[in-house]
Amino acid sequence: RKEVEQDPGPFNVPEGATVAFNCTYSNSASQSFFWYRQDCRKEPKLLMSVYSSGNEDGRFTAQLNRASQYISLLIRDSKLSDSATYLCVVTPGHKLSFGAGTTVTVRA
Amino acid sequence: EPEVTQTPSHQVTQMGQEVILRCVPISNHLYFYWYRQILGQKVEFLVSFYNNEISEKSEIFDDQFSVERPDGSNFTLKIRSTKLEDSAMYFCASRDTGGTQAFFGQGTRLTVV
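Top to bottom, those sequences are chains C and F.
The numbers in this note's numbering rise by one with no breaks, and the one at position 75 of the first sequence is 75.
In short: position in the second sequence from 1, add 1000, done, that's this note's numbering.
Careful, some of the hints might be misleading.
What the hints assert, rightly or not - Simulated restraints on C-beta separations:
| no. | chain 1 | residue 1 | chain 2 | residue 2 | range |
| --- | --- | --- | --- | --- | --- |
| 1 | F | GLN1041 | C | ALA17 | 24 to 30 Å |
| 2 | F | PRO1070 | C | SER53 | 40 to 46 Å |
| 3 | C | GLN69 | F | GLN1011 | 35 to 41 Å |
| 4 | C | ARG1 | F | GLU1053 | 28 to 34 Å |
Derived by calculation from the structure, the hints in this document are not laboratory data.
Note that the coordinates shown come from a computational prediction; the quantities given were computed from them, not determined experimentally.
Backbone N, C-alpha and C define an ideal beta-carbon position, used for all residues, glycine too.
Whole structure, please, built from the sequences with the hints as guidance.
This is the structure we're talking about:
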């Protein structure tokens, strides 16, 4: 079983739409969880950390379900600039384990 | 904002040659990483480095690879004898503690011909 698995997408949505996708992880000892964003041929950049109680950052909402070992990301009121690949990142130990990414394309 | 810097941004090398990829992590960070991403594929873990030694490495990180922190600021990845399949984007990352976010450099695109 892969350490981190994600909805691959692609999700193609109109501006203003809501889009949500999930990620599951295999190591129950994982302690920290993140969503990173990666634009084409660029480095991953932190979008938001994910906390046990769930958290929101503007139009972005992240949820963590430790019992089921999944993480979700919801984007409300999508903007063209949200088009990117979203990487689920989990830390079993010191290393960061990446999912393969979910591609989101927001169209005008 | 502090950042991780990598040089060069692009390196072309012949198969069988040695390459050294350089990184300057954020100065007060304690954990250092190398990742690679083959075009169109996922970000893959290579190695983590803490307290002046390798703390974890992946199956990809075989005897052809080595890392060093020679002077307390630079963090290098050496590939001894490059293969065509080593062509990828190599990202360096650092973080200050085990639970915080990692910051990534802009990457070195390695092309082996």
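A quick look at each hint next to the structure:
no.	hint	verdict
1	F:GLN1041 with C:ALA17: 24 to 30 Å	28 Å, holds
2	F:PRO1070 with C:SER53: 40 to 46 Å	43 Å, holds
3	C:GLN69 with F:GLN1011: 35 to 41 Å	39 Å, holds
4	C:ARG1 with F:GLU1053: 28 to 34 Å	29 Å, holds
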